[in-house]
Amino acid sequence: MNVCFHCGEPLRGSTLVARVEQRDEPVCCSGCQAVAELIAGTGLGDFYRYRDGSSVRPGDGSQSDKWRVYADPQFAAQFTRTSKEQTSVTLLIEGLRCSACSWLIDQVLRRLGGVHDVSVNAATGRASVIWNNAQLNLADIMRTIAQLGYVPHPVTDETVTQALREERRDSLKRLAVAGFGMMQVMMFAVAVYSAELANEIMEPRLLSYFRMVSLLVATPVMFYAGAPILSSAWNSVRSRSIGMDVPVSIALVLAYGASVWNTFSGAGGEVYFDSVTMFIFFLTLGRFVQMSVRQHTAGVTDALARQLPSIAHRVGANGIEDVPVTSLLLGGVIQVRRGEVLPADGKLLDADAHIDEAMLTGESLPVHRKIGQRVVAGTINVDGPISIAITALGTDTALSHIVALMQRAQTYKPALARNADSAAARFLGYVLIGAGLTCAAWLAIDPSQAFAATLAVLVVACPCAFAIATPAALASATATLGRHGILLTDPDALESLAKVDHIVFDKTGTLTQGELRISRCIALAGLSEQQCLHTAALLEQASEHPLARAFAPYLDQGTVEDMQTIAGRGVQGRIGGRLYRIGSPDFVAELCREQQQPTALTGSVIMLADEQRALAWFELTDSLRPAAASAVSQLRSLNIEPQILSGDGSEAVQSIARQCGITEQFARHSAKQKLTHVLNLQKQGRRVAVIGDGVNDAPVLGAADVSIAMGRGSALAHASAGLVLVSDNLAALPEAVLLARRTLRIAKQNLLWAAIYNLGSIPLAALGFIPPWLAALGMSLSSVAVMLNSTRLLPRGARHTAASPVVTSAHLRETTA
Amino acid sequence: MSILFVLIPLSLALVIFAGWGFFWAVNAGQFDDLESPGWDALRDEPPTNESPGDA
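So the sequences go chain by chain: R and G.
This note's numbering applies: residue 1 is where the first sequence begins, and numbers increase by one.
This note's numbering applies: residue 1 is where the second sequence begins, and numbers increase by one.
Hints listed in this document are in silico derivations from the structure and should not be mistaken for laboratory results.
If you're wondering where the values come from, they're calculated on a predicted model, not measured in any experiment.
Where is the CB? At the ideal position from N, CA and C, for every residue including glycine.
A portion of the hints provided could be inaccurate.
Said to hold, decoys possible - With the Cβ distance kept under 10 Å, some of the chain R side facing chain G (calculated, not the full set): (1) Ser119; (2) Asn121; (3) Arg165; (4) Val177; (5) Phe188; (6) Leu206; (7) Leu215; (8) Leu216.
Stated by the list, open to error - Taking CB as the label site, the calculated pair distances span: (9) Ala755/R x Val15/G: 44 to 52 Å; (10) Ala18/G x Lys672/R: 53 to 61 Å; (11) Leu12/G x Leu781/R: 22 to 30 Å; (12) Lys748/R x Leu14/G: 53 to 61 Å; (13) Ser83/R x Leu4/G: 50 to 58 Å; (14) Ser528/R x Leu34/G: 38 to 46 Å; (15) Leu207/R x Val15/G: 46 to 54 Å.
Could you put together the complete structure from these sequences and hints?
Shown next as C-alpha cells:
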C-alpha cells in the first residue's frame, strides 16, 4: 500500500501515519493525518468502511482563520435565515463525493451542542443546518466542516436551488402521470385488440365504454404530462421556428383529436389513446434523464462567485479590518495574505509577489510580479502578504471579461441539434403531404375508408422510433461513460466526439500531474543524495514557494536557525552552525561564489550550497499523468492527431510532448491565440476536441467541436465542456472515443431501421392494407426494437440488471467536488 | 361482462389513489435525495437510559 489512507493519493515518501481503529494507516500529509485521526477519534471510523472512493485531500491548516468573519452576525446575515433563536443556512460543500461523506458531516455536526437539525444531500452536494444562535454561530459550523477536509461555501442564491428542486419534482410527477396513464390505457387497448385479433365483434356498448375510459385516462396524460412538449412546440411556432417538439406535438394533437372525435362519433373510426400515452411516456422519460444530467452541472451558477472571495482585508486609517468585498471602493488599498485569492484587480503596491495565475492563464508555476504591475482578481498570492490598490471590481475585472469571451465563443458551437430538427421537420412535411394525398385519393375511390386510411398513415408514420433512435442510444452510452468516469453534459458532444480527428491538449497541465517533483538530485562534495535531500527539506520547510513543496516528503528531524526567506529567490538558514542557502542558482552562488550548472539538467533547477562550495543540484519537473503516453498512442491508432497548445514556455512544452509522443506542439499561446488556432483548424475542415481545465480555457472549450474538461478543473470549465473526465484518468479518453463511435453506429442503425419501417409502411397504409391497430402495434414494435438495439451500448455487467438506461446519481454526484 | 362496469371504475380509483400517493411523496421531498437516507440506518444513536435488561 503506497497510497494515502485518507485521500488515496500516492504517498511520495511520506512516513506519516494516522491511528485509525487500532491500526496505523499511512497518510500523505499532515492534513490527511489530522482529518483521519479526527474522524477516528470521534468514533466515526465506520466512514472509511462505507465510503466509495477516496476523500478529498484537505488544504493546509494555515487558512483555518478565514472562517472567523462568519462569526460576525451582520456579515453572516446575508447567508442565513433567522427566526427567534433558530438560524438556518444552506451550504454548498466542496469535496462531498459520496453518501458516506454526507453521513460523516451529518454525524459530526449533530455532535455540536446547539445544532437542531442537519440534512446533507449527497446528490446536490448541499447541506442545510438549523441551529440555536445563542450557542453557536455560522463560523463554528463552517470550521467544523472544514476540519473534516471539506470546503463549505454559503449558498447566496437559495432561489436557484429552490427552482432546481421544483423542476425535478415537477418532471417526476409528470413522468408518473404518463407512466400510470400509459399502463391503464394499454390494458384497455389489449382487450380491444385481442377481440379484433380473434375476429370477434366486441359488443358496441362495451367498446364505446372502453373508449370513454381510455379518453378519461389519456386526457390528463395529454394535457398534464404532455404540457411541456405542447407548450414548447407552441412557443417555437409563435417565434416562427420549427423545434423538435413541433412535429411531435402535431402528431400528438392529431392522434388525440381524431381519437376524441371517433369516441364520440360512434364506433366508426379507430382510437389511438394507447399510442398517444405511450409516446408521451417515452418523451417524458427521455426529458427526465436529460434533466438529471443537466441539473447537476447547475451548481456552476455559484461557480463564478466561488472563484472570488467574499471577504477582503482593507487597509484603512485604523489599521487592517475585514470587510465584505462588496463594500470595497476603487482606489482603496487591500492586503492579500499568503494563500489567499485576490478579490479585485489592482496594482501591486509594496513587495514583489508570486502570483499563481493558473486559473486564468494556465501557467502551471507562479508568476513573479513587481511593484506597480497589474494583478488580477481570481489569482492566488502564494508568497508573503502583499498590498494592492484596487483598479477594477466585480464585473469590470479580467475574470468577468473571460466569462464574457466564453459566452461569445459558445455561439461558434456547431449546432447539430438544429440539423436533427430540420430533418424531422422535413420528414413531417412529407408525412403531412402523404396523408393529404391519401385522403384525397380515398375520397375519390371510397369515401368511407378515407379517414381510416389517412389516420393509419399518420400513426404509422408517427416518428416515434425515429425520435427515440438517437436519444435511446445516447442514454445507454451516458450510463456506460459514467462507468468509465466520464460525465456527458451535452448530448451533442458524443456525436461530435465520434467524428473528431484532432485532439488539442490545452496546456500541459492536462497531461501532467500538476505537482513538481524532484526528478534528479546530483550530490557533490562527497555527500549522499539522502543527506542533501534532508538538508534541503529542512531549509525549505518554512517556504510556501511551490518549488519548496517538492521537498516536503524528505523532511526529517532537525532545527534551522536564522531562517530567512528571500521572496522569489530562495532560503537561507543555519543548521548545526553552518550557513546554508537553497534556491535559484544565482542567489545561491552569491554565497559560495561557485556556479557550474551541470548541463544535463532541464526543468526548474535548484542549488544547495554552504559558505565554501556547492553541495547539490536538484532538478524539478512536473511528471506525466500515468496514462498519458498510452492514451496518446491509442488516440493515434484511432486516427486522431494529438496536439499540445500551451501557455507555458517552449522548453517545458517540448519535454512533455517528447515524453508522451506528441509531435505537434505550440508554446506560449495566449487564450486568444488558442481560440484562433482552434478556429483555423476548423476552417480547414478539421474536427477538433479540446481538453482543458482552467477558467481561461473556457473560450477555447466553447469554440471546439467537442470540449472535455478535467474533473479537478474549475467549475467554469465544466460548464462550457461537453464531457468531463471525472476521475482525471486520461486512459478513459480513447475509451470514450471508441464508445462514441459505437454509439453513432448504433444510432445510425436505429435511424435506418426506423426509416425503413416508416417508409415501407406508409405506402402500405396509404393503400389501405394496414388497419390502424396494426399501424399502432407496428409503431410500438419499431420503438421496442430501437430500444433493445440501444441497450447493446450498456456496460456488460449492467445489461441484465438495468433495464432502463437511467443515469444513476452515482456518477452525477461525483462531480459536485 | 357487466362486472366490468364496476371493476374498471374501481381500478381507476386505485390508480388515482396511487397517483395521489406518489404526488404526496414527491411534494414531501421523498425523491429529492435517493442516496443519503439509506445511511440513516447506520447512524449510531446516542445510548439511551432504558436498556432491555432493566426491570
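Taking the hints in turn, this is what the structure says about them:
Because the closest C-beta pair between Ser119/R and chain G is about 8 Å apart, less than 10 Å, the hint holds. Checking Asn121/R against chain G: minimum C-beta separation of about 4 Å stays under 10 Å; hint holds. Contact between Arg165/R and chain G, as hinted, is supported at the beta carbon level, the nearest pair being about 6 Å apart and thus within 10 Å. Hint status for Val177/R relative to chain G: holds, with the closest Cβ pair at about 7 Å, below 10 Å.
With 10 Å as the threshold, the beta carbon of Phe188/R comes within range of chain G, its nearest partner Cβ sitting at about 8 Å, so the hint holds. Taken as an interface hint, Leu206/R checks out: its beta carbon lies about 6 Å from the nearest beta carbon of chain G, inside 10 Å. Hint status for Leu215/R relative to chain G: violated, with the closest Cβ pair at about 12 Å, above 10 Å. Hint on Leu216/R holds. Least Cβ distance to chain G is approximately 7 Å, under the 10 Å limit.
Separation of Ala755/R from Val15/G is about 37 Å and departs from the stated range, judged on CB atoms against 44 to 52 Å. Checking the proposed 53 to 61 Å range against Ala18/G and Lys672/R shows it holds: the Cβ atoms sit about 58 Å from each other. Between Leu12/G and Leu781/R the Cβ separation comes to about 28 Å, which falls inside the hinted range of 22 to 30 Å. With their beta carbons about 44 Å apart, Lys748/R and Leu14/G fall outside the hinted range of 53 to 61 Å.
Roughly 56 Å separates the CB atoms of Ser83/R and Leu4/G, a value that falls within the hinted 50 to 58 Å. Separation of Ser528/R from Leu34/G is about 58 Å and departs from the stated range, judged on CB atoms against 38 to 46 Å. At about 21 Å, the CB distance of Leu207/R to Val15/G disagrees with the hint of 46 to 54 Å.
Checked against the numbered hints above, the structure violates hints 7, 9, 12, 14, 15; every other hint is satisfied.
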